[in-house]
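Student: Residue numbers (the working numbering), protein chains in the order written: chain A, 413 to 753; chain B, 413 to 753; chain C, 413 to 753; chain D, 413 to 753; chain E, 413 to 753; chain F, 413 to 753.
It should be emphasised that the hints constitute simulated quantities derived from the structure, not laboratory data. No false leads were slipped in.
Simulated pairs of lysine-lysine, DSS-like, Cα-Cα distance not exceeding 27 Å:
#1 Lys432/C <-> Lys715/F
#2 Lys715/E <-> Lys432/D
#3 Lys715/A <-> Lys432/B
Chain by chain, the residues:
There are 6 protein chains.
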Amino acid sequence: MNTTPQPYAGNAFTEIDFEKPGRQIGFINFPHSPHSDAWGVTQVPIAVISNGAGPTVVIEGGNHGDEYEGPITIGELARDLDPGSMQGRLILMPANNVHAVLAATRTSPVDGLNFNRVWPGDPMGSITQQIAAYVAHRIFPMADAFLDLHSGGSSLDILPSAIIEPSGDADLHRRNVAAVQAFDAPYTVVISNLGDKRTATAAACAAGLVTVGTEMRGCGAVSLDALQICRRGVRNVLAHLGMLVGDASPVCAERPILELRGPSAYVYATEDGIFEPFHANGEQVSAGQPAGRIHRIWDMATKPLTLHYGADGIVYGRRHPGRVAPGNCCVVVASPYGERK
Amino acid sequence: MNTTPQPYAGNAFTEIDFEKPGRQIGFINFPHSPHSDAWGVTQVPIAVISNGAGPTVVIEGGNHGDEYEGPITIGELARDLDPGSMQGRLILMPANNVHAVLAATRTSPVDGLNFNRVWPGDPMGSITQQIAAYVAHRIFPMADAFLDLHSGGSSLDILPSAIIEPSGDADLHRRNVAAVQAFDAPYTVVISNLGDKRTATAAACAAGLVTVGTEMRGCGAVSLDALQICRRGVRNVLAHLGMLVGDASPVCAERPILELRGPSAYVYATEDGIFEPFHANGEQVSAGQPAGRIHRIWDMATKPLTLHYGADGIVYGRRHPGRVAPGNCCVVVASPYGERK
Amino acid sequence: MNTTPQPYAGNAFTEIDFEKPGRQIGFINFPHSPHSDAWGVTQVPIAVISNGAGPTVVIEGGNHGDEYEGPITIGELARDLDPGSMQGRLILMPANNVHAVLAATRTSPVDGLNFNRVWPGDPMGSITQQIAAYVAHRIFPMADAFLDLHSGGSSLDILPSAIIEPSGDADLHRRNVAAVQAFDAPYTVVISNLGDKRTATAAACAAGLVTVGTEMRGCGAVSLDALQICRRGVRNVLAHLGMLVGDASPVCAERPILELRGPSAYVYATEDGIFEPFHANGEQVSAGQPAGRIHRIWDMATKPLTLHYGADGIVYGRRHPGRVAPGNCCVVVASPYGERK
Amino acid sequence: MNTTPQPYAGNAFTEIDFEKPGRQIGFINFPHSPHSDAWGVTQVPIAVISNGAGPTVVIEGGNHGDEYEGPITIGELARDLDPGSMQGRLILMPANNVHAVLAATRTSPVDGLNFNRVWPGDPMGSITQQIAAYVAHRIFPMADAFLDLHSGGSSLDILPSAIIEPSGDADLHRRNVAAVQAFDAPYTVVISNLGDKRTATAAACAAGLVTVGTEMRGCGAVSLDALQICRRGVRNVLAHLGMLVGDASPVCAERPILELRGPSAYVYATEDGIFEPFHANGEQVSAGQPAGRIHRIWDMATKPLTLHYGADGIVYGRRHPGRVAPGNCCVVVASPYGERK
Amino acid sequence: MNTTPQPYAGNAFTEIDFEKPGRQIGFINFPHSPHSDAWGVTQVPIAVISNGAGPTVVIEGGNHGDEYEGPITIGELARDLDPGSMQGRLILMPANNVHAVLAATRTSPVDGLNFNRVWPGDPMGSITQQIAAYVAHRIFPMADAFLDLHSGGSSLDILPSAIIEPSGDADLHRRNVAAVQAFDAPYTVVISNLGDKRTATAAACAAGLVTVGTEMRGCGAVSLDALQICRRGVRNVLAHLGMLVGDASPVCAERPILELRGPSAYVYATEDGIFEPFHANGEQVSAGQPAGRIHRIWDMATKPLTLHYGADGIVYGRRHPGRVAPGNCCVVVASPYGERK
Amino acid sequence: MNTTPQPYAGNAFTEIDFEKPGRQIGFINFPHSPHSDAWGVTQVPIAVISNGAGPTVVIEGGNHGDEYEGPITIGELARDLDPGSMQGRLILMPANNVHAVLAATRTSPVDGLNFNRVWPGDPMGSITQQIAAYVAHRIFPMADAFLDLHSGGSSLDILPSAIIEPSGDADLHRRNVAAVQAFDAPYTVVISNLGDKRTATAAACAAGLVTVGTEMRGCGAVSLDALQICRRGVRNVLAHLGMLVGDASPVCAERPILELRGPSAYVYATEDGIFEPFHANGEQVSAGQPAGRIHRIWDMATKPLTLHYGADGIVYGRRHPGRVAPGNCCVVVASPYGERK
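Only chain A is shown next, with the shape it has when bound in the complex (with noise of 0.2 Å):
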């Protein structure tokens, strides 16, 4: 831990005993006073599991409630991994942004929010605020590392990755490339989100722990071959972090890394339609070239409209439903890292 962090403001409470050796399953319980339930709460679940010294790694799913792979991976941890096999503590959250995986939502049907664009939080905002101010003011503290499993949820389809979350500390950031590499999944990206710093991993990053994120597939559901991948991913990183002994599978040093340059790695849509793309994911683009088009299936009349691509790379990620409105994301491209290294 290397920060002096703001303290913890809010009024959650838990029985989990952080400093308590073996596993521990339960919930952290925020006081919410809705219509339907006056004096309840909501119910945030959390496992630690703890023996001897070591590192403190936080891993974290349900940031946004329709990405599955890393919360299923989660909880099978949280069930299956005997602490006598490891070292240090491990916070486990599935579902951070409860009621958004309860409804298997991006955001949060209570408040609207996006639980990755309102870091640090508020202790004393609406229900999202506050549990992502108990995550940075009371959980990153105690942590040396943080793991954010995200997919590419309902709306995209992306290349499974393990992410970079760029940092201005030039030995985080040397750290941090080391832990996702380690991951060792098929693709490795530099995603800043053009920049924004409410995000879970920002947050991480500004808290000084290393950080790792990834984007699992997506489109809402559950990727067999992504599910593999992050299981493996994540004994892998617990292994390169020190908290797993003799897990760890042989990383493939080779793999490059690539990184979304800024606006011109995306193709937006422009009309409402059906959008028809032009390339598989995975696929080698450039700039210039056609991406898709969109059909108007309900005016046979005119005629489908060509976008496409801002950038030179490989097709990252695409758009998954079909339907489109001006401004949706259809394509996004990723392109070498090297330049700017």
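Go by the hints and put chains B, C, D, E and F onto chain A.
Tutor: Frame of chain A; chains B, C, D, E and F shown alone:
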């Protein structure tokens, strides 16, 4: 044309002249009087391409509003098919459930109805019933053949396949099988919707039309592969019916026929949670074998619940969204059709 | 009374005694059992003013819930008309689609139905169907004449006019025309709703009642001018029918009759956008002439799309809200009725 | 079984074997194809306990989704009743309006219908109509008796009582009265729903079944007292019908029978506001006496409006929520049934 | 008045003159510009009754919109209290969360906020924040005492009680206890809302006002008993504060004080289902004892789940609706306050 | 440019080059991550037309989404204005509250906010706050003048008028008055929004820009007359500002200035019902005179309630929809501005 249908008794109108040669693109207008538009119409797109003697073929898309390969194919035919290259009359309806198509939903947002459970419709009913009645009472009597181009929709991921609607008329059944096999999809499947006769294809069979269905992937997305299968299959069937000449791909005569054998073909969820399937579409499975697990990712103390197959065959389709509730169809198994031939 | 109607078979009840002289104001109570009120009723307001021998006249308002000149006029009659000043029986129903009236919507928020598309109703149907059935089966058999006071509603801005429901019974048609002309509105128009027979006025004609309709401006607003026309016109008709004595304004005998000549009377939107009309209500226009433009104000690079008239005549009404979607009725043209007399 | 019912013509299916002895717990599956689940089913829970010769008794709960004493009692019987301790066949359906049960609403969130206003249902109708049709066409023909366990639901607070559905068949009526009195509830009341024949108990009577209803408190809550009454009453009736032996509590033979005497039994709100009742359930009241006041708490300058009783009797039930709107049932008065015996 | 509060910086206005003697009934008008009314206001009802020297007492109702005994009592005072019978100034606000009061919901339908979690408000915030700011910044500075009249609301059934808001100011705390005991409710309870300081009573304490809270039953209903307790209790407190003379009931001096001892006082649901409580309000219970069961009435094969108390004391309140979801407060236990005195 | 504004700190991006001469039409893209589109953008349309030296003028439309004359005028300028015919830089933003424009609502359907109550915005806030921040922090610093083109919107029918935002800076106020009078609308009115400083025009004044507002009729409709006034007025102001040469209409110098004098200018509804106004817009009225009546058309026994004016002047605007609820603004009176000059 071989039936004496109920004459159309509704008040829809159109500028399309079904007897005129050449290409026409327009709309069927259904007077519709909601709050937002007292004297307006619901516009259902239609195109007619006609040239000399030959069969009348109707192609429907947008029976459900979140299935896209068919509507894209239909729109391309409407704009691109040279009347001089064909014989007969082609009636193209890419978005029959037009309110659902605009909303990208399976069922109509206007009256909540599933267009494929209201046939033969009601010309004085709600808007969905009116559109079905127009097709059943006004279009079917002009037609010799009907193609209903479905995909799996938002909730299902299905093997691209051509579908046989079972008919009690042995001769019609034989002609249907031949037309469906002409489509030359990777799979050919007999689907009875558990005997429900309120579907478009059941109504077409009842009207004596040669009837071809499809299921072109799904997930609410456009599939590049399935779109190619659909474009090619539709032209194959039009060639088989004698409308297009010299255009058909050679059909793979050996393709076996599958069927969904009643309730045992379906694996239903019995709990709330996230369904992890164990097999990809197309894999061989057998009754009693584990089919997948439901994870309660918001409740780590609960072990996943295993579901089992009820039939032998191949995995024909799977639920697309990860989130399931009791009763949701998680997996569908297709079995060889041989036994009943 | 000249028909043998279907007897009323529902379970509505009222404290109103239709045979009692003098003034009564109350409600028809329809048992209604939604979530919020298991054993409650829907209360439809009614007043009866009766004095000696004479015709029974029914005046309906609130057929749609966002049309106001009629209901205001009816309420004033209910409170202010001296029974001693009239002959016969006046049945006043200002808010028949009462849930829509309370919500200020065209259609009922309870069952989504348009009250003017369910006649002659169903005493065991949904609440909208039940109310229509009560009027058709219980009230119409007592009546000699029916006035259905509409305005344009939220979506239409219409020239204040008295409306003739076309009847196949030549004698009734003649008496209807006379009664409608007695109203002495600025315009008299024959409107058939494109032949739809599920309206209140069509049902009244079918029951043999002298029938008068109106369209009193609209826009979901109260028009000062149209309110005066309505107050005066209703009294004119009651005098014409022999109910009020010495009360009628002199009728302008020369007023021509207009009609809406089928689909060509309507200009429909073909795009999303904002419709800018080119002519005010009452202006003379001709088929083929530009009627207005649709501006896509969120997409400045796209030029406005021009719509054209399909008939010669005067602009009888226009869409009120600026925002249009495909199928919306933008302009209505009324043409001289002479040709079909 | 004593009627020749319409055979069931729907496509629901179940693994329950109605002819098999012993205990079975499962579901009736109704194919249901909404946007969220194209090929899924609605699962209606059912249990059958069978042992040797004896009557077939059907117990329904969850006719409305916010009434709980019956469903809890039914679930306990399904799990705990020893087949060896009974004679005949017990068919237990605790949640027939299952979508409403899951949503805790009176009416179905799927089609908006009140399950108790659709009988005898429609096997090809909407889901609520389909479930009623299954019970009426498939279950009733197997049955000798029917218990329909209601409580007051979210909007009513009712005296715990057993209910007699009036039957025109004098012998059936006599047997119904005997069975209802065997329930031995604190009150016994004849309720005709103002003559509506579309209820489950009216359909059961029409099918010739001995029929028992209940109203077990309500308010959308579980009542400790009423739950005990319900558990004991159901066993009393099963003993009375010869299914359970040696289990019946001694019945209080002297309990008088009450009835709701048409519209005058109901006190309806005439204004928006908060209803303050003047008497508790069970108190003696008389026609003309003040029943309560409506306070407009957001408008202090307006005096409360007093409502009055329309009948002599006891306060049998009251509206539960404080907020009222015109037409809401505020109080219900039950009067002695003697006059009509 | 004993604090230097933040001056009110909003733009609400009123015709009420707080310095004028006698009775005034009116509204505070908050400019509010939603879609439906661009230049309108939200009207919050207020009355002021003033006579000579004496304390200024503010009574709030409608902090939540589904709690009725307080607002009814306040409206009666506003209409019926003779200014000549009192000393000082009484400020009556029966419906502060006025949009929620009209909708009968706990939280505001306009901005979704819980009025009792936004204090001291924000004069430029959303409408709920603006109303709180008006009371905190404009009304509190004029006041000596504050009564906040709550009931349990739609989700809770609570023992009628007067509530002490804990204050760190020992003298104020002593005066608060005396005023609360003067209310003479059946129970007196210290409730800290788990330490949340964003409530109206916490804001009043922070402003140095003598503060009295209540919980008057609940369930979203009007309780006859609690309404009498509330009417009498308010007058008792006004007498205690020196505003009413000769009006106070003799207070039962021996009533013990209870408290809710943090999280252990609450029994939370851990599953979806129907909660059957085991004890009535007021019964003595102890930690570890079974508190009730959750029945999954749609899934008879699953056994009910038993919940247990976490504290010794009496059952102070229970969840009202039968349907529960994880995190819902099912039971609340109040324990003797002695330990912390 | 005459202030040192807060630099823009958000992450919106655009292909528009504000320094480039000639015509550009495009969008400002705001990264926006809702459920339906994780990596998409909200596209706010913008055009820049630039030619040589001269002032920078910003014209905003679509501040509210149901006001149309301004956006139509702006789109026409963007497409049709010849850069060679002007001097300086014209920044055209026709649909700033773009989600509301697409939905035809006053307030944003995305975050529920009124765009004209969030200035100067928040670059990290919700989408409405972000757009305002972009205009205030990125556009205003480049600008010399700001035109904010409003109409009355769905709820108000207003006399076409040019609006003066009051400024405390006497010199700016003088320049504002001159620019507003140059618009040459039928009426010129000072409107302070009851002192609210969170509007676009207040923010523009605070930034030192010459500021012109408008109210161009309303009712949610396009007014033919007001559209001509708007087209002409905008060109008049651009000529006045030195941007267009030889284009200005001669201004009627004698037009008096009116103002809305605080709360007394507004007549608010005090009951639910239908408001019948007594005077047309533009008529002279005086304080105390009856302004209209509220009819409860669903309750004929209740007499209409009369409302009265609170100020002398002309009727400047009226509520458009007939249906009113307490607090709704029914009429607005404008009075001569002389007194405060």
